[in-house]
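Asks: What follows is the residue order along each chain.
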Amino acid sequence: MIADVYIYLKEGVADPEGEATKKALRLLGFKNVKKVSSRKVFRIEVDARNREEAEREISGMCEKLLANPVIQKYTIQWVE
Amino acid sequence: MQKEDLKIAVIRIEGTNCEEETVMAFRNLGVFSEAVHLKQFYSDMIRDSEQRSLTDYNCIVFPGGFSAGDYVRAGAVFSARIKSVLRDDLRDFINSGYPVLGICNGFQILAELGALPGFDEDKPVGKQEMALGINDSNRFECRPSLLKHENRGKCVFTKALEKEIVMFPVAHAEGKVIFPAGKEEDYIDRLRKNDQIVFRYVDAGGNYAGYPWNPNGSIYNIAGLCNVRGNVLGLMPHPERVFFDYYRKNEIGDGRTIFESVIEYLLSL
Amino acid sequence: MFSKVNVPFELYEIKILDADDGRLLKISQELGLALSLDEMRRIQDYFHKKGRNPYDIEIQSIAQAWSEHCCYKSSKYYLKKYLFGISADYVISAIEEDAGVAEFDEEYAYVVALESHNHPSAIEPYGGAATGIGGILRDVLCMGAQPIALVDPLFFGNPDTSEDEIPAGTKHPLYLLSGVVSGIRDYGNRVGIPTVSGLLFFDESYLTNCIVNVGCVGIARKNRIIHSRAGNAGDIFILAGGLTGRDGIHGVTFASAELDEKSEELRSAVQLGNPIIKEPIIHACLEIVEKELLTGMKDLGGGGLSCVVGEMALSAGFGAEVHLEKVLLKEENMAPWEIWVSESQERMMVTVEPKHVDEVLYIFQKWDVPATIIGSVTAEKTLRVFHHGYKIYEMDIEFVTSGVEYCRQYASLKETVDETDSTAPPESYEEALLEILKHPNVASKEWVIRQYDHEVRASTFLRPLQGRLNLEGHGDASIIKPTISSKGLAITVAVNPWLIKKNPYWGTASAFDELVRNLTAVNSTPHSFADCLNFGNPEKEKRMGEFVDCVEALGWMARGMKIPCLSGNVSFYNETPYGSIAPTPTLLGIGIIEDIKNAITSDFKKRRNAIVLVGETRKEFGGSVYSRIFRMNGKVPRTSPEKLKNYSNTLLESFREFDVKSCHDLSEGGLAVALAEMCIASGMGARINLSEMKDETYTKLFSESNTRWLTEVSERELEDYISFFKSRNLTASSIGNTGGDVLEFTDGKFSFEIPLEEAEKAWRTGLTRFTGW
Numbered sequence: 018m019i020a021d022v023y024i025y026l027k028e029g030v031a032d033p034e035g036e037a038t039k040k041a042l043r044l045l046g047f048k049n050v051k052k053v054s055s056r057k058v059f060r061i062e063v064d065a066r067n068r069e070e071a072e073r074e075i076s077g078m079c080e081k082l083l084a085n086p087v088i089q090k091y092t093i094q095w096v097e
Numbered sequence: 033m034q035k036e037d038l039k040i041a042v043i044r045i046e047g048t049n050c051e052e053e054t055v056m057a058f059r060n061l062g063v064f065s066e067a068v069h070l071k072q073f074y075s076d077m078i079r080d081s082e083q084r085s086l087t088d089y090n091c092i093v094f095p096g097g098f099s100a101g102d103y104v105r106a107g108a109v110f111s112a113r114i115k116s117v118l119r120d121d122l123r124d125f126i127n128s129g130y131p132v133l134g135i136c137n138g139f140q141i142l143a144e145l146g147a148l149p150g151f152d153e154d155k156p157v158g159k160q161e162m163a164l165g166i167n168d169s170n171r172f173e174c175r176p177s178l179l180k181h182e183n184r185g186k187c188v189f190t191k192a193l194e195k196e197i198v199m200f201p202v203a204h205a206e207g208k209v210i211f212p213a214g215k216e217e218d219y220i221d222r223l224r225k226n227d228q229i230v231f232r233y234v235d236a237g238g239n240y241a242g243y244p245w246n247p248n249g250s251i252y253n254i255a256g257l258c259n260v261r262g263n264v265l266g267l268m269p270h271p272e273r274v275f276f277d278y279y280r281k282n283e284i285g286d287g288r289t290i291f292e293s294v295i296e297y298l299l300s301l
Numbered sequence: 022m023f024s025k026v027n028v029p030f031e032l033y034e035i036k037i038l039d040a041d042d043g044r045l046l047k048i049s050q051e052l053g054l055a056l057s058l059d060e061m062r063r064i065q066d067y068f069h070k071k072g073r074n075p076y077d078i079e080i081q082s083i084a085q086a087w088s089e090h091c092c093y094k095s096s097k098y099y100l101k102k103y104l105f106g107i108s109a110d111y112v113i114s115a116i117e118e119d120a121g122v123a124e125f126d127e128e129y130a131y132v133v134a135l136e137s138h139n140h141p142s143a144i145e146p147y148g149g150a151a152t153g154i155g156g157i158l159r160d161v162l163c164m165g166a167q168p169i170a171l172v173d174p175l176f177f178g179n180p181d182t183s184e185d186e187i188p189a190g191t192k193h194p195l196y197l198l199s200g201v202v203s204g205i206r207d208y209g210n211r212v213g214i215p216t217v218s219g220l221l222f223f224d225e226s227y228l229t230n231c232i233v234n235v236g237c238v239g240i241a242r243k244n245r246i247i248h249s250r251a252g253n254a255g256d257i258f259i260l261a262g263g264l265t266g267r268d269g270i271h272g273v274t275f276a277s278a279e280l281d282e283k284s285e286e287l288r289s290a291v292q293l294g295n296p297i298i299k300e301p302i303i304h305a306c307l308e309i310v311e312k313e314l315l316t317g318m319k320d321l322g323g324g325g326l327s328c329v330v331g332e333m334a335l336s337a338g339f340g341a342e343v344h345l346e347k348v349l350l351k352e353e354n355m356a357p358w359e360i361w362v363s364e365s366q367e368r369m370m371v372t373v374e375p376k377h378v379d380e381v382l383y384i385f386q387k388w389d390v391p392a393t394i395i396g397s398v399t400a401e402k403t404l405r406v407f408h409h410g411y412k413i414y415e416m417d418i419e420f421v422t423s424g425v426e427y428c429r430q431y432a433s434l435k436e437t438v439d440e441t442d443s444t445a446p447p448e449s450y451e452e453a454l455l456e457i458l459k460h461p462n463v464a465s466k467e468w469v470i471r472q473y474d475h476e477v478r479a480s481t482f483l484r485p486l487q488g489r490l491n492l493e494g495h496g497d498a499s500i501i502k503p504t505i506s507s508k509g510l511a512i513t514v515a516v517n518p519w520l521i522k523k524n525p526y527w528g529t530a531s532a533f534d535e536l537v538r539n540l541t542a543v544n545s546t547p548h549s550f551a552d553c554l555n556f557g558n559p560e561k562e563k564r565m566g567e568f569v570d571c572v573e574a575l576g577w578m579a580r581g582m583k584i585p586c587l588s589g590n591v592s593f594y595n596e597t598p599y600g601s602i603a604p605t606p607t608l609l610g611i612g613i614i615e616d617i618k619n620a621i622t623s624d625f626k627k628r629r630n631a632i633v634l635v636g637e638t639r640k641e642f643g644g645s646v647y648s649r650i651f652r653m654n655g656k657v658p659r660t661s662p663e664k665l666k667n668y669s670n671t672l673l674e675s676f677r678e679f680d681v682k683s684c685h686d687l688s689e690g691g692l693a694v695a696l697a698e699m700c701i702a703s704g705m706g707a708r709i710n711l712s713e714m715k716d717e718t719y720t721k722l723f724s725e726s727n728t729r730w731l732t733e734v735s736e737r738e739l740e741d742y743i744s745f746f747k748s749r750n751l752t753a754s755s756i757g758n759t760g761g762d763v764l765e766f767t768d769g770k771f772s773f774e775i776p777l778e779e780a781e782k783a784w785r786t787g788l789t790r791f792t793g794w
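Protein chains in written order, with my numbering: chain A, 18 to 97; chain B, 33 to 301; chain C, 22 to 794.
Simulated from the structure, these hints should not be mistaken for laboratory data.
Be aware that one or more of the hints could be misleading.
[Stated by the list, open to error] Covered stretches of chain A (in silico footprint by chain B; criterion: 3 or more residues with CB under 8 Å from a CB of chain B, positions within the stretch not fixed):
no., region
1, 19–30
2, 33–42
3, 63–74
[To be verified] Footprint (simulated), chain A over chain B, 3 or more residues, beta carbon under 8 Å:
no., region
4, 99–110
5, 206–215
[What the hints assert, rightly or not] Computed cross-link-like contacts, DSSO-like style, restricted to lysine-lysine with a CA-CA straight-line distance of at most 27 Å:
no., chain 1, residue 1, chain 2, residue 2
6, B, Lys155, A, Lys90
7, B, Lys155, A, Lys27
8, B, Lys159, A, Lys90
9, A, Lys57, B, Lys115
10, B, Lys191, B, Lys180
11, C, Lys627, C, Lys71
12, A, Lys81, B, Lys191
13, C, Lys466, A, Lys39
14, B, Lys195, C, Lys627
15, B, Lys71, C, Lys312
16, C, Lys25, C, Lys36
17, C, Lys626, C, Lys782
18, A, Lys81, A, Lys51
19, C, Lys47, B, Lys195
20, C, Lys102, C, Lys666
21, A, Lys81, A, Lys39
22, C, Lys192, C, Lys243
23, C, Lys312, A, Lys40
24, B, Lys71, C, Lys666
25, C, Lys626, B, Lys39
26, C, Lys682, C, Lys782
27, C, Lys618, B, Lys195
28, C, Lys192, A, Lys39
29, B, Lys39, B, Lys191
30, B, Lys115, A, Lys27
31, B, Lys71, C, Lys25
32, A, Lys40, C, Lys782
33, B, Lys39, A, Lys57
34, B, Lys215, A, Lys27
35, B, Lys159, A, Lys81
Note that CB positions come from ideal geometry on N, CA and C, so glycine has one too.
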């Protein structure tokens, strides 16, 4: 099973990467840009009997390594 | 304890890169110190003569660098590996009062481990309570920083520090101290009450100031913190880089005291 | 043309024996060999004698070895004629290996290498620049040295180029700049080697061909220097580091042809680097070197395995046998020729006596570095390659690896340069100075410098930024303290392509002058240099003329100064249908300072001190910032090794005799800019009176004459200091005092001033107005 794990900043945490990208886009003439926020995506392939088991496994990975709960959240999207 | 009994480990994995100068800082003060690969603590692929245990040492340092490339998040991979192979050993080490220092990437590791700010004294390795986020400038920056020493005597790494303001350079992209949203004031109050704030960024006039003096946008200008007990210190600036004077006019640099203090502390145990 | 060979993997026989000229060229083209007809004929002759057709892997291997990049076929003749063979008793190894080696002290030697990574960076700036750093680190490491410093001279098209001026297939200079700087930053910082010096230069000629040069300095115990050659027959080849993949196939043939619009498709020729594999490789290799377990070591760069095995065997006078199936691969089903020429990054080759093999493999394993035995050194000078037991390659090493050499025709530009002076005073001196200070070639490079960790390893004792904390100015050189002794290595880079574009010979002589000025300004004695010669297409006589003029000037200056060239690299074909680059012979200079405590920085130290101009000012505006901004013509600055030697030695002596507080060399923008930089770095102004000097005011301020420095001494010492130079028939003029908060200039009755704050703002924002901050 393959999942895309999105790691992103919690509401209210400053996002210099997003801000800087927004500024750069505007400088390039994309005046309609309202907001840019950074996200990190990991595509993870796991062996699991079913989706629930895979989801438990990936949540564990997020909590142990991929996200820092002080500033980050995660969502899992299944690719297949 | 005698000086010749002291053994200090600087722990490395792939991508840590300030271990040699950190080892040299201790050696220059006549104390045994070595860089030890994390694998030497657990891997059975390592020969007996090169295997180590945390209990072999009186003090450990997590050095600066880019452990595992900092690819997931600064310090995250190193700390996850420590949690999986050394969790109990490190907890016992800290709870026995042995000193642990984290410089730059090492501070990020201590924060990821939950060892800092370490409000729960019984669980020095556990849940994260702070983060070191991307600098407000969104860039890696290498520059001098001036630090006001604000610890009232708890931190074992700054006990001998007499100067009020010291210059340690910074070099990082992720050094902004962040506490959980909504809890910032509460955290700062507790840190102050517990005497856990060690260094704060100031300008050339000694005033708390913004960028570039606060190089990353840290809350409350925090540059370095210790745990409740005072034996774990994490800081973004690099004292080992100013072991010798920054301006080369005399031999002694501002960073030297950090290493002297902890040696003094160990000798008093 | 090709026929598949009956083996259980992909192997073709290339039918060249009966091919006519047209077919030979077609073969070269279809296989992407970049070999000329003459070269193809030589190969045909060789295989006629062998009585068989070559396999694809054999002909690919020859193409690698004979590429400009690997064998310097166009440059070798002139390099030997003019530049090589400047000897000094402290040289341990010059030119012959991946990096040059010279004595540092009784126990240690330093190692220097400088290289271009231009074509990959133009196509994929981030990856291209990063792998450039990776490659140069390996060049130093394979000598058995710990890398201690990186340098990175960079050249791009003008930052204000508008989007519609950018030719198809070319990227905007700011995009390239930001990508290259990020690549160097992310690789250099991660691998933990400080980036201490560099250059950032903009000129329209780099628009379609950016130049990315990378240099590295290392330190090694003299008795642990490892050579890039195999040890003895019977020794084992161990390949260590990253796995081998299809990335970077044909990198060297790619670097030996002009870029065009189609180059975008050549992305596969750009390799990807991994600093987190590199960092343990450095530790592992150095541990193996320290334990004296190696007989030879060389990094895998251009041409991959095909070049490294051949070169190691040839320079030791042996042959080799390699088993390709042993090579650890990143991807499946690679054809043997792909494995053989792949330029995958982060790989090192070592030769080891059989009795040490286990120990070496253990050390690599300990550092998590993949390593595997792939073959052995043989007594006979033949290289044989096997794949799953089938012999697929058998050629004489000398035929393949010795390469070819050309004495190309050239047209020297020495006599044809128009240097008629058309300069005139500016309409407003204030505006002229501010205009110059904010020119991106002059303005502060802090935006770049701060992104690089220039202090990791804690041995940087003079930093690239010098002066007030967080408000520093530019230094002339950085100083590294590589060992526990107080002796230091000064490191700097120099070249001003505008001067060289205008007059290749004198421009290059000026670059050498600047190199020496920079090193002496920080109070180090110039010791050696490395060069990276970036030029256009050598098959064109004019381009070759630029090259020959440059090399001749470089040889003349270096020989006269007795400063040996330790290491070099030539990069040709920096040319597109839109034009060629300004000739760019980048120089990396090394100086020795006996005690780092005596280093001198470029920021003024105290108010009311005297400012002294050392050297002679002439009306030399050719290629100067002043003449470029105001579109005038002039004569490129002259110099001579005798004069330079005289001045630099006397200046160094003056540092011993007097308490000189600061020193800065005069280069782009002349006296006015050097002075402004010293003021900005210290936050104090200066009051200057030029009446003592002859010539027009604008010449005194903006001319870029060589062999000049500004120094700061106390009023008390001033008179003796000036007479010290005069007694040696050299020129030194007292031109004013430090202090105040304006830059004030007086010349007879004429005077003007600029508030320091305004000058500082122009200088600090000159680059960041384009890059953002």
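Asks: Each hint should be assessed against the structure and marked as holding or not.
Replies: Hint check:
| no. | hint | result |
| --- | --- | --- |
| 1 | 19–30 | holds (count 4) |
| 2 | 33–42 | holds (count 4) |
| 3 | 63–74 | violated (count 0) |
| 4 | 99–110 | holds (count 4) |
| 5 | 206–215 | holds (count 5) |
| 6 | Lys155/B - Lys90/A | 24 Å, holds |
| 7 | Lys155/B - Lys27/A | 25 Å, holds |
| 8 | Lys159/B - Lys90/A | 15 Å, holds |
| 9 | Lys57/A - Lys115/B | 23 Å, holds |
| 10 | Lys191/B - Lys180/B | 14 Å, holds |
| 11 | Lys627/C - Lys71/C | 77 Å, violated |
| 12 | Lys81/A - Lys191/B | 35 Å, violated |
| 13 | Lys466/C - Lys39/A | 24 Å, holds |
| 14 | Lys195/B - Lys627/C | 25 Å, holds |
| 15 | Lys71/B - Lys312/C | 21 Å, holds |
| 16 | Lys25/C - Lys36/C | 11 Å, holds |
| 17 | Lys626/C - Lys782/C | 21 Å, holds |
| 18 | Lys81/A - Lys51/A | 33 Å, violated |
| 19 | Lys47/C - Lys195/B | 75 Å, violated |
| 20 | Lys102/C - Lys666/C | 23 Å, holds |
| 21 | Lys81/A - Lys39/A | 31 Å, violated |
| 22 | Lys192/C - Lys243/C | 45 Å, violated |
| 23 | Lys312/C - Lys40/A | 53 Å, violated |
| 24 | Lys71/B - Lys666/C | 55 Å, violated |
| 25 | Lys626/C - Lys39/B | 43 Å, violated |
| 26 | Lys682/C - Lys782/C | 25 Å, holds |
| 27 | Lys618/C - Lys195/B | 23 Å, holds |
| 28 | Lys192/C - Lys39/A | 21 Å, holds |
| 29 | Lys39/B - Lys191/B | 20 Å, holds |
| 30 | Lys115/B - Lys27/A | 24 Å, holds |
| 31 | Lys71/B - Lys25/C | 48 Å, violated |
| 32 | Lys40/A - Lys782/C | 22 Å, holds |
| 33 | Lys39/B - Lys57/A | 41 Å, violated |
| 34 | Lys215/B - Lys27/A | 14 Å, holds |
| 35 | Lys159/B - Lys81/A | 10 Å, holds |
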